[in-house]
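> The task is to assemble the complex, starting from two chains supplied on their own in separate frames and drawing on the hints.
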Amino acid sequence: MFRVINLPLYICIAVFFLIYAARASADDINIKDAPVYGDAFVSGSTADARNLIPILASDTSSSQIVSMLFNGLVKYSKGLKIIPDLAESWRIQDDGLTIIFHLKKDVKWHDGHPFTSADVEFTYKKLIDPDTLTPYGGDFEKVKDFIVIDPYTIKVSYDEPFAPALASWSMPVMPKHILEDAELSETGFSRDPIGTGPYVFKRWRSGQRMDLDSNHSYFEHRPYIDRYIFRIIPDSTTMFLELQTGSVDAMGLTPLQYTRLTDTETFRRGFRKIRYPSFGYTYLGFNLDTEMFKDREVRQAISYAIDKEEIINGVLMGLGSVSTGPFPRESWAYNEKVRAFGFDKQRALKLLSKAGWRDTDNDGWLDKNGKRFEFTIISNKGNDQRRMTAEIIQRRLMDVGIEVKIRMIEWAVFINEFVDKRMFDAILLGWSLSRDPDCYDIWHSTKTGPGEFNFIGYKNPEVDRLLEEGRGTFDYEKRKNIYNEIHRLLYEDQAYVFLYVPDALTALSRRFEGVEVSQIGIMHNFIDWYVPKDRHRYKR
Amino acid sequence: MGKYIIKRILASLPVLLGITIISFMVIHLAPGKPTDAATQLNPKISLEVRERFEKKYDFDKPIHVQYLKWIGKIIRLDFGRSYIDNRPVIRKIAERLPITLLINILSILTIFMISIPVGIKNALYRGSVFDNVTTCIVFVFFAIPGFWLALILMSFFGVHLGILPISGIVSLDFENFSLAGKIIDVARHLVLPVLVASLGSIAGISRYMRESMLNVIHEDYIRTARAKGLPENLVVYKHALSNALLPIITIIGLSIPGLISGSVIFESVFSIPGMGRLMVESVFQRDYDVIMAGLVISACLTLLGNLIADIAYSYADPRIRFNK
Numbered sequence: 001m002f003r004v005i006n007l008p009l010y011i012c013i014a015v016f017f018l019i020y021a022a023r024a025s026a027d028d029i030n031i032k033d034a035p036v037y038g039d040a041f042v043s044g045s046t047a048d049a050r051n052l053i054p055i056l057a058s059d060t061s062s063s064q065i066v067s068m069l070f071n072g073l074v075k076y077s078k079g080l081k082i083i084p085d086l087a088e089s090w091r092i093q094d095d096g097l098t099i100i101f102h103l104k105k106d107v108k109w110h111d112g113h114p115f116t117s118a119d120v121e122f123t124y125k126k127l128i129d130p131d132t133l134t135p136y137g138g139d140f141e142k143v144k145d146f147i148v149i150d151p152y153t154i155k156v157s158y159d160e161p162f163a164p165a166l167a168s169w170s171m172p173v174m175p176k177h178i179l180e181d182a183e184l185s186e187t188g189f190s191r192d193p194i195g196t197g198p199y200v201f202k203r204w205r206s207g208q209r210m211d212l213d214s215n216h217s218y219f220e221h222r223p224y225i226d227r228y229i230f231r232i233i234p235d236s237t238t239m240f241l242e243l244q245t246g247s248v249d250a251m252g253l254t255p256l257q258y259t260r261l262t263d264t265e266t267f268r269r270g271f272r273k274i275r276y277p278s279f280g281y282t283y284l285g286f287n288l289d290t291e292m293f294k295d296r297e298v299r300q301a302i303s304y305a306i307d308k309e310e311i312i313n314g315v316l317m318g319l320g321s322v323s324t325g326p327f328p329r330e331s332w333a334y335n336e337k338v339r340a341f342g343f344d345k346q347r348a349l350k351l352l353s354k355a356g357w358r359d360t361d362n363d364g365w366l367d368k369n370g371k372r373f374e375f376t377i378i379s380n381k382g383n384d385q386r387r388m389t390a391e392i393i394q395r396r397l398m399d400v401g402i403e404v405k406i407r408m409i410e411w412a413v414f415i416n417e418f419v420d421k422r423m424f425d426a427i428l429l430g431w432s433l434s435r436d437p438d439c440y441d442i443w444h445s446t447k448t449g450p451g452e453f454n455f456i457g458y459k460n461p462e463v464d465r466l467l468e469e470g471r472g473t474f475d476y477e478k479r480k481n482i483y484n485e486i487h488r489l490l491y492e493d494q495a496y497v498f499l500y501v502p503d504a505l506t507a508l509s510r511r512f513e514g515v516e517v518s519q520i521g522i523m524h525n526f527i528d529w530y531v532p533k534d535r536h537r538y539k540r
Numbered sequence: 001m002g003k004y005i006i007k008r009i010l011a012s013l014p015v016l017l018g019i020t021i022i023s024f025m026v027i028h029l030a031p032g033k034p035t036d037a038a039t040q041l042n043p044k045i046s047l048e049v050r051e052r053f054e055k056k057y058d059f060d061k062p063i064h065v066q067y068l069k070w071i072g073k074i075i076r077l078d079f080g081r082s083y084i085d086n087r088p089v090i091r092k093i094a095e096r097l098p099i100t101l102l103i104n105i106l107s108i109l110t111i112f113m114i115s116i117p118v119g120i121k122n123a124l125y126r127g128s129v130f131d132n133v134t135t136c137i138v139f140v141f142f143a144i145p146g147f148w149l150a151l152i153l154m155s156f157f158g159v160h161l162g163i164l165p166i167s168g169i170v171s172l173d174f175e176n177f178s179l180a181g182k183i184i185d186v187a188r189h190l191v192l193p194v195l196v197a198s199l200g201s202i203a204g205i206s207r208y209m210r211e212s213m214l215n216v217i218h219e220d221y222i223r224t225a226r227a228k229g230l231p232e233n234l235v236v237y238k239h240a241l242s243n244a245l246l247p248i249i250t251i252i253g254l255s256i257p258g259l260i261s262g263s264v265i266f267e268s269v270f271s272i273p274g275m276g277r278l279m280v281e282s283v284f285q286r287d288y289d290v291i292m293a294g295l296v297i298s299a300c301l302t303l304l305g306n307l308i309a310d311i312a313y314s315y316a317d318p319r320i321r322f323n324k
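These protein sequences, in sequence, are chains A and B. Residue 527 in this note's numbering sits at position 527 of the first sequence; the count goes up by one each step and never skips. Residue 258 in this note's numbering sits at position 258 of the second sequence; the count goes up by one each step and never skips.
Pulled out of the complex, with its shape left as it was, chain B reads as follows (with noise of 0.2 Å):
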């Protein structure tokens, strides 16, 4: 087992040096530079101190020296300043981390929370006026734009009831708030964001669910379980269920990238500081490190996650095993 891990971790650290090569040169080859914005259409400007930003930052030399000039960096594990307000970047993107965490791990929790009984109730009450309707709401919130049900809802929770605060993570005053007052306030701020974040992804997980529960449950093993006199909730949620799980088990896997990968659109709607609008600001302003650490920073993930899921499947399904 230890082998295996350290075998794929080997495997995998030529396919990110390939993914950093070509995100290197995609992001390079568009046009424009990060010192654009402070030095263009400005008159003021002379095209001497233009040049001169340029140079500073390498811009003037072959790309393949600015590749290998910020590998060198990578290896030691130095992320670089931001072009656009000399933060270092690992600070700028450990300010928006937490924010986007908290917001896809509640989501994550509620759109499994809602999903997954949702899909086994349709599987076992399949073409009942139950699974109908589920079916039809699931997939109303898939089809609504994410970011046209956040502003009806911030318009009518926020502005006609009142009751919600619109945008942003905490209210003005939250300084002066006790600790409860504050968990409170965050969590107040926090219902609608998750809320729009969930409901569009639940149609396709509790798809996914009930499809799986009615691939288990017409198995030999279910008719047997049934056969033997358990009771049917025994027979469901313990036989059915902990087989109908597994390709759940996949999907979590690979959204785990997906946790630290923010929406801009949603973000920017809720107000919310999340990786999303940074990584999105950046491509704008062609801040490369920003965006090269987000990109190789998911791209780790990425293959984390496909890992990690690989291992959890063989602990949860014993035809899976590693025998070398």
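Chain A on its own, in the form it takes in the complex (with noise of 0.2 Å):
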């Protein structure tokens, strides 16, 4: 429905785009159609990283750098299929009980060192061995076998069917020459990495910046950027002042700053604004196991009386989509055919009248059994788009007659003291998502433990079925058909209300040709891009 909005917006960014090449190539000529190599490319971080040991890096800062050093034996394409990285190729057998990977022949280390099947072995033996310390290890703890058949050929089995088993293998391998003797908690490779990927670590100024040089040697091909910088700029809105001056190329904007502040005809010229939707959404949860979430038809009537345009409009400035369920549009697990509740207060006041919610007392607010509908809604302390979005729930549904009340919690003790124990009656978070859509451990019924995932306790046994086939189905059409039917039996049911997902938004030089952007963002391609030579900003 909001695709219908959006599409044309993409098309005239598009045609924009295309008229502007047109242009530029009109007043240069002979630069255009050749990439050269040089320049470098500078991207405003608020955090630094924090460990470059692939299998221990969990923060985003980390995670970005090491995509730039490192390869996984497989990646996601820009049209989000599973494509070889280190592998050349792959078969799966025995009905997806076995994997067998044959290895790229030329790929070397950033040292020279060649890269082989024993740097496969060793980066699994590490992720499962119980001493280290990773949030990965989840996935290959599933493996049955690790066969090396020779230097470029290695044999995975599992004990059962595991679909994203083959997306698993995009975790980074480490060189097994020179961590083979550390201990991964204390060696310095965590600050002075070496990979395989196309940009080379060069140096780490803590809280400053880290500079990448390209691999000469990558074997897709060199880099044209022959730098990636990594600025550390901790305020965003110096960064938005490092971005107009020209030292920052490339930032994530806010909605306020997309829309309103770079509105101007200076900032069109110097930048492009790119935007697409995130890979995850935004929701309000309820504690089903508090009687009066229990009752499916109350959650309708919530979700009905929540004007999810608004709060696009409102905190998103219009930048987002309804969200209609747990997978995202560019998802292929996502189902069509599921339409989102509009805003109907009348039918929300009939289904909570159904429930036996009324307003007996005339004071305005619905009670039931003598007890007033009101309820509090959590979140993190520091997230104002949480912050608005609770603000115009509250709002409306306060014009349905049940109060709302907001608390926001410092992340730490919101998480440790009300999620985990599950304390709460109501919380606002969101979920980013992995590419393969099984989310097992978000809705299955018994992930609901303290510190499990399923913290709002929703049970439903045919969710649960579907989604223990969904792990174990690789046929692509029969997962699909799954997966749909888990989307639409979520979205009835109203296990959260859902409510929007985010576009992502980023501001990103003129200098760079090459950019494309796809439904995983525009850094697939970097090693493609390139900077004429008449604007380059950096020389060596």
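Be a bit skeptical, because a hint or two may be false.
As the list claims (entries may be wrong) - Cross-link-like lysine-lysine pairs, in silico, BS3-like; alpha carbons within 27 Å at most:
no.	chain 1	residue 1	chain 2	residue 2
1	B	Lys56	A	Lys125
2	A	Lys539	B	Lys182
3	A	Lys421	A	Lys345
4	A	Lys447	B	Lys73
5	B	Lys61	A	Lys142
6	A	Lys155	A	Lys144
7	A	Lys105	A	Lys125
8	B	Lys56	A	Lys421
9	A	Lys202	A	Lys478
10	A	Lys421	B	Lys55
11	A	Lys176	A	Lys202
12	A	Lys176	B	Lys56
13	A	Lys176	A	Lys144
14	A	Lys202	A	Lys142
15	A	Lys421	B	Lys61
16	B	Lys182	A	Lys202
17	A	Lys104	A	Lys202
18	B	Lys55	A	Lys125
19	A	Lys447	B	Lys56
20	B	Lys56	A	Lys142
21	A	Lys142	A	Lys478
As the list claims (entries may be wrong) - Quick list of the computed label-pair ranges, beta carbon to beta carbon:
no.	chain 1	residue 1	chain 2	residue 2	range
22	A	Asp384	B	Ile137	33 to 39 Å
23	A	Val148	B	Ala187	54 to 60 Å
24	B	Ile137	A	Gly342	54 to 60 Å
25	A	Ser63	B	Gly2	39 to 45 Å
26	A	Gln93	B	Glu95	29 to 35 Å
Calculated from the structure, these hints are not laboratory results. Since this is a predicted model, take the numbers as computed values, not measurements. Cβ atoms here follow ideal geometry from the backbone N, Cα and C, with glycine treated the same way.
Listed below in structure tokens is the structure:
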């Protein structure tokens, strides 16, 4: 539905780029088509990286750098298909119980050492080693056998078919010859890594910046941009000023910056604004163990009473779309037949009264068995978008006679004391999703223990069965049907009130050519970006 | 004198111990653990893995056990490793300290260089236009929020005029500069931070200076000095000033611990990798050992600063002497 509004805009942006590109090429005809080497790309980040050992890196900044330095066996293409990275090819056998990887033969580590299956084996062993404190071990503990057939062939087998298995091998591979005798938690590798990726680590000044140089012998091809500089600028207003002076080439924008502050002729001349739906959603979740939310009709009523478009317009300044379930539109698991619950106050009231909530004492608030309908929404402090969303929900639910209180709590306290212990009526949170639609841990009824992720206590035997089936099915069509059904069931149940999918907003300097916006962002073809000679800003 | 110093140092040991116990308790009472960031709200992490994380760092042990373990390390001057990136705490602090020290020393110098003359002039010409105008100006700077002023200055000098860098402490091509170029580059980056860090504090110090000068200027010995025909400059800057500066010594002593603590707001706005950011980030990440190291160091410096102020006082003021 929102797509209809979005699509012409995308076309507009695309056309705009085309016109711009055409004009630019008319000015400087000779430099246009041939990419040249040189220049630098300066990206801005509010947080420093923590640890560049791929299997220990868990924060966004570290992962961003790791992805420039390392490769997995497979990776996602811009169309969200799994394509070869360090693997040349693979075969899935025995109904998904076995995967055989054939590795690329001409790959070298940044220090010149050849890459072989021993490195993959080493990475796998570290991932499942109980002494390694890695957050990524889960998928690999399902591996039954890991067999190195020859230096360029690996055979991995599983006890039961596990559909996310192939995608899990996008885990970056670490060099055995360097880390073999090192203690992962103490090695200097975490700040001086060696990988196989398109960029080579050069220098890290804590809290300031990190410098990467292009890998001239990268197995795909040498990246055109010679240097990748990662600047740490904790304050986003400062970063925005740095962007305007050209000291930063790209940064994520807030909706306010995207719509208002960048709406000037100078800015448009220097930067392109890029917008694509992020792979995640924001939701209002209920504690399903509390009496009032057990009733599906009550949850549906609350969903009808909330105007999601209003939240998107008010909080995201229109830069997002209504979420209709656990998968974003870009995912192949997305069920197009699911229609979002529109804003319908009468229907909400009808459903509530059907569930026994009526205003019997005429005080303006609904009640049932002498108890007023009131609850508290909690969320994490410091997230203004969530605070504003909660306030809009509060106002809309007041209209139907539900009293909502809001409490914003510091993150660590919020998670430890409230979410993990399930001490809440309702929470406002978001998920960013992995590309694989397997969401067993969020929805399965066995995952409701303290610290587990079905903290709302959702239990639906049908969904349980489908989640199990979805993990064990390899056939794309069959799997798609399964997740489509999960999507439909969760939305009908209003397991969460799915609110919105925010757009990812980026400003990027117009120096760069060859940029391709896709569903997974813009960085996927970074090695193909280049800056025409006369626009070079940084010389050696 | 030596005896007095030793006595003071010995007396501050229990205080220091008390400080560590209380801060250790308070920090551990706050919900959350350093391992949370890596393990929480990540569906790929099972409960067992989380427990394994916590066990490795002893977070499952009672708090007094953790404290004893920590104090045992501190006595051997081992500040431990950061839970976040596994680097030795002492190295993390050593990395952040120089820039914070540099900016703080520069701004303290700026503050004193501006506020002492201003305070003196204000006292000498009390009630004059100069007094009123400067008082008004310094209070305006006192009242303006630092981060706002910083952004306005950055936008004006950095974006509109384009003559000063906006943030950071060195340029991107710093490595390629000559030595002189490097010094100029750092100086250019430090102009705005030092200015913003100083402006707000000028009001306080210049007021102190003004009041203390006013007290002194009406003393008998000043009248005597004038009566014996000393030039006015000598009266003011020798006889009056040396006495009026006494309270300022205390302030300098008290600002010693402040030298290593940066302000997080202003460091964030200027992207300066200093102590303030390190400490606040560590608090949010519950990086216990880093927080505790920072607290121990600044507690030591506070105690030391008091001691130094007392000693300096005894030298500057003959009325205060240690007899025994």
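> For each hint given before, does the structure comply? Return the numbers of the non-compliant ones in rising order.
3, 4, 5, 9, 14, 25 and 26
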